[in-house]
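**Student:** Go ahead and model the full structure; you've got the sequences and the hints to work with.
Protein chains in written order, with our numbering: chain A, 2 to 331; chain B, 2 to 331.
If you're looking for bench data, these hints aren't it; they were derived computationally from the structure.
Mixed in with the good hints, there may be bad ones.
The list treats identical chains as interchangeable, and a pair is accepted whether it falls inside one copy or across any two copies.
[What the hints assert, rightly or not] Listed next, the in silico SDA-like pairs over lysine to any residue satisfying Cα-Cα at most 25 Å (straight line):
#, residue 1, residue 2
1, Lys160, Arg295
2, Lys160, Ser33
3, Lys160, Ala299
4, Lys3, Ala46
5, Lys160, Gly249
6, Lys3, Pro202
7, Lys3, Leu314
8, Lys160, Leu314
9, Lys3, Tyr172
10, Lys3, Asp245
11, Lys160, Asp171
12, Lys160, Arg112
13, Lys160, Thr142
14, Lys3, Val318
15, Lys160, Ala46
16, Lys3, Leu210
17, Lys3, Trp25
18, Lys3, Asp45
Residue-level listing of the chains:
There are 2 protein chains.
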Amino acid sequence: MKVFLVGEASEHADDLRPHLHDPWEIVELPWSAADSALFDDRIDADDVVVSLRFTRETVAPPFRLLHVPGAGLDRVDFAALSPETMVANVFEHEVPIAEFVLARLLEWEIRAAALQESFGPEAWPSLYRRRVPHGELYGKTLVLIGYGRIGRAIAVRAKAFGVEVVAVDDYAETDAAAHVRPTTDLADLQRRADYVVVACPLTASTAGLVDAAALARMPAHAVLVNVSRAPIVDGHALYEALRDNAIGGAILDVWYRYPGVDDQELAPADDPLWELPNAWCTPHSSAWTTQLPRRRYAVIADNLNRLVAGEELGNLVRPDRVDSSRRSPS
Amino acid sequence: MKVFLVGEASEHADDLRPHLHDPWEIVELPWSAADSALFDDRIDADDVVVSLRFTRETVAPPFRLLHVPGAGLDRVDFAALSPETMVANVFEHEVPIAEFVLARLLEWEIRAAALQESFGPEAWPSLYRRRVPHGELYGKTLVLIGYGRIGRAIAVRAKAFGVEVVAVDDYAETDAAAHVRPTTDLADLQRRADYVVVACPLTASTAGLVDAAALARMPAHAVLVNVSRAPIVDGHALYEALRDNAIGGAILDVWYRYPGVDDQELAPADDPLWELPNAWCTPHSSAWTTQLPRRRYAVIADNLNRLVAGEELGNLVRPDRVDSSRRSPS
Numbered sequence: 002m003k004v005f006l007v008g009e010a011s012e013h014a015d016d017l018r019p020h021l022h023d024p025w026e027i028v029e030l031p032w033s034a035a036d037s038a039l040f041d042d043r044i045d046a047d048d049v050v051v052s053l054r055f056t057r058e059t060v061a062p063p064f065r066l067l068h069v070p071g072a073g074l075d076r077v078d079f080a081a082l083s084p085e086t087m088v089a090n091v092f093e094h095e096v097p098i099a100e101f102v103l104a105r106l107l108e109w110e111i112r113a114a115a116l117q118e119s120f121g122p123e124a125w126p127s128l129y130r131r132r133v134p135h136g137e138l139y140g141k142t143l144v145l146i147g148y149g150r151i152g153r154a155i156a157v158r159a160k161a162f163g164v165e166v167v168a169v170d171d172y173a174e175t176d177a178a179a180h181v182r183p184t185t186d187l188a189d190l191q192r193r194a195d196y197v198v199v200a201c202p203l204t205a206s207t208a209g210l211v212d213a214a215a216l217a218r219m220p221a222h223a224v225l226v227n228v229s230r231a232p233i234v235d236g237h238a239l240y241e242a243l244r245d246n247a248i249g250g251a252i253l254d255v256w257y258r259y260p261g262v263d264d265q266e267l268a269p270a271d272d273p274l275w276e277l278p279n280a281w282c283t284p285h286s287s288a289w290t291t292q293l294p295r296r297r298y299a300v301i302a303d304n305l306n307r308l309v310a311g312e313e314l315g316n317l318v319r320p321d322r323v324d325s326s327r328r329s330p331s
Numbered sequence: 002m003k004v005f006l007v008g009e010a011s012e013h014a015d016d017l018r019p020h021l022h023d024p025w026e027i028v029e030l031p032w033s034a035a036d037s038a039l040f041d042d043r044i045d046a047d048d049v050v051v052s053l054r055f056t057r058e059t060v061a062p063p064f065r066l067l068h069v070p071g072a073g074l075d076r077v078d079f080a081a082l083s084p085e086t087m088v089a090n091v092f093e094h095e096v097p098i099a100e101f102v103l104a105r106l107l108e109w110e111i112r113a114a115a116l117q118e119s120f121g122p123e124a125w126p127s128l129y130r131r132r133v134p135h136g137e138l139y140g141k142t143l144v145l146i147g148y149g150r151i152g153r154a155i156a157v158r159a160k161a162f163g164v165e166v167v168a169v170d171d172y173a174e175t176d177a178a179a180h181v182r183p184t185t186d187l188a189d190l191q192r193r194a195d196y197v198v199v200a201c202p203l204t205a206s207t208a209g210l211v212d213a214a215a216l217a218r219m220p221a222h223a224v225l226v227n228v229s230r231a232p233i234v235d236g237h238a239l240y241e242a243l244r245d246n247a248i249g250g251a252i253l254d255v256w257y258r259y260p261g262v263d264d265q266e267l268a269p270a271d272d273p274l275w276e277l278p279n280a281w282c283t284p285h286s287s288a289w290t291t292q293l294p295r296r297r298y299a300v301i302a303d304n305l306n307r308l309v310a311g312e313e314l315g316n317l318v319r320p321d322r323v324d325s326s327r328r329s330p331s
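**Tutor:** Listed below in structure tokens is the structure:
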């Protein structure tokens, strides 16, 4: 009974081991074990493969479970898996993403970094006497596009700040943290939004959902936040709206172009959004925490424990429900 | 029936007026109306004075209510007030102070400003390939010193992030947001704190409460936050602890010296805390929001409406319960 940690996963044996109840043999393999049949003869029907990717030219021999150590399934070729092989993924990234969104919205209102920058004996009297009031989250309206795990994690936290949270989602239901409305209500809701947060997957129906017309419906002070996938927002329309101060600002952590292994320089979008003072741009960092892989490998270990105990696994993926247009760079 | 807005309060007639149900005459007066008897003959027994300060060399003639448009009562000389004059204050600052604390703690973990600073086409490939993981609030332990309005506002928000909140307070009780323990437990609690937040008033028993020994009990990664009054923390001991990396850092918004009207330059503390990279220093800004005076004058108007309707007033102050050692620079 072996668990193969492939590619990036091979760095996480120590995150997995302490949570395992049974004597699994942990084997570290290179990426080629995910992308070719090179190591297939070492993988038995009882074994588990942990890998962010899985592709083959022909169908792989059956093994017990492919556990993706992330949420995205776009790099798994389900046709390359034997029908007996189960597939599971892990989430947990909703926690750091929600923290990132709240951190940036709070700083958008407070601007504490600038206060800190100028503080000292020379500035103290004038800073104190002429304190410039800042903003608050309290009482604001946040519109979530998408009310899945990430949307809910944002909503719970925003609500604790006295923010009114309204989400558009055609499948989710209203709960204690947010009112959920159909996607067709988005246009109306945008008009009274202080913050619009994109938290839906990229699909054929969400690509370009936030276009020039949608941006034009936002109040002039409103802030657009994208922590999902860049192409849900029309990048050029966003650039123009920000440049012309038609909206208050944008908090962008996801991009239109991702670097390949050899890229030394790469514009993340066609328009230089990062040069605008009202666009706060970061390098797809929101979920990238020290704690995230630890939590994720604890979840994977729990599934391995369940496998041995004959219990139902968590986060099982049904290939027929996977939208192949989803892109998950992280 | 007149309401006198004195000094700084005279800037807020427009915040008060829309909330009044009755035909009050609003009169704006200079600070001298608070500090001298100069305007006392204009103030009748039915009238209300709104002022952050109130002093007299002799007792003022009776009027209905002194409404302080802030929380601090240290600039009110109760001996100068007729016994018939009621006194009320307002809070509401717990909302922006709690937002400030969460904003700074989130940024302490995430460091999004630095990511934003370096982002662009030249840095994008290397930033993405060598993303440095940041921290999370989730699962951390926050110890509150004091569980009054500010402490509770912090606790509710921190709890929504999955933070364990423990407060020391000899009068408050455990609630859904925080476990409350007696102040004598502080030493034990500090040892497992990730964040220690000073949120108690400055009194004879809290001055210097966080001294060198208390700082030495904090873990090396822990962060001290002071949004209350500087002298609760021994400034020199804090400087040494930060300089020697004996604690992880400090988030300081309150100071040991406040500028007088003529000060052009003033060191906010004996030791140059603001020069340390692990001390995040701001100029007593946490509560200073655009929304705060609007909310406060709405509360004052509500009290004026209650006065006319013969209802019980909110936030009435009992002079015998005011600790004269409290300092409230804001």
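**Student:** What label fits Lys3 with Val318 when the C-alpha limit is 25 Å: within, between, both, or neither?
**Tutor:** Answer is within: at 21 Å inside a copy they meet the 25 Å cutoff, but 70 Å across does not.
**Student:** When Cα atoms must be at most 25 Å apart, do Lys3 and Pro202 count as within-copy, between-copy, both, or neither?
**Tutor:** neither (33 Å within a copy, 59 Å between copies)
**Student:** Within a copy, between copies, both or neither: where do Lys3 and Leu210 come within 25 Å Cα-Cα?
**Tutor:** Answer is neither; intra-copy 44 Å and inter-copy 55 Å both fail.
**Student:** Regarding Lys3 and Asp45, is the shortest C-alpha distance of 25 Å or less found within a copy, between copies, in both, or in neither?
**Tutor:** Cα proximity of Lys3 and Asp45: one copy only (8 Å, versus 88 Å across).
**Student:** One pair to classify: Lys160 and Gly249, alpha carbons no more than 25 Å apart. Within, between, both, or neither?
**Tutor:** For Lys160 and Gly249, the Cα distance is within 25 Å only inside one copy (22 Å; across copies 30 Å).
**Student:** With identical chains, the pair Lys160 and Thr142 could be close in the same copy or across copies; at 25 Å between alpha carbons, which is it: within, between, both, or neither?
**Tutor:** both (10 Å within a copy, 21 Å between copies)
**Student:** Is it within, between, both, or neither for Lys160 and Asp171, if the alpha carbons may be no more than 25 Å apart?
**Tutor:** within (21 Å within a copy, 29 Å between copies)
**Student:** For the identical chains here, do Lys3 and Ala46 meet the 25 Å Cα criterion within one copy, between copies, both, or neither?
**Tutor:** Within one copy, since 10 Å is at most 25 Å while 87 Å is not.
**Student:** Within a copy, between copies, both or neither: which one fits Lys3 and Tyr172 at a CA-CA cutoff of 25 Å?
**Tutor:** For Lys3 and Tyr172, the Cα distance exceeds 25 Å both inside one copy (39 Å) and across copies (57 Å).
**Student:** One pair to classify: Lys160 and Ala299, alpha carbons no more than 25 Å apart. Within, between, both, or neither?
**Tutor:** Between copies only: 23 Å across, 29 Å inside.
**Student:** My question is about Lys160 and Ala46: at a cut-off of 25 Å on alpha-carbon distance, are they close within one copy, between copies, both, or neither?
**Tutor:** neither (47 Å within a copy, 44 Å between copies)
**Student:** Reference check for the pair Lys3 and Leu314, CA-CA at most 25 Å: within, between, both, or neither?
**Tutor:** within (17 Å within a copy, 71 Å between copies)
Of the hints listed earlier, those the structure fails to meet are numbers 2, 6, 8, 9, 10, 15 and 16, in rising order.
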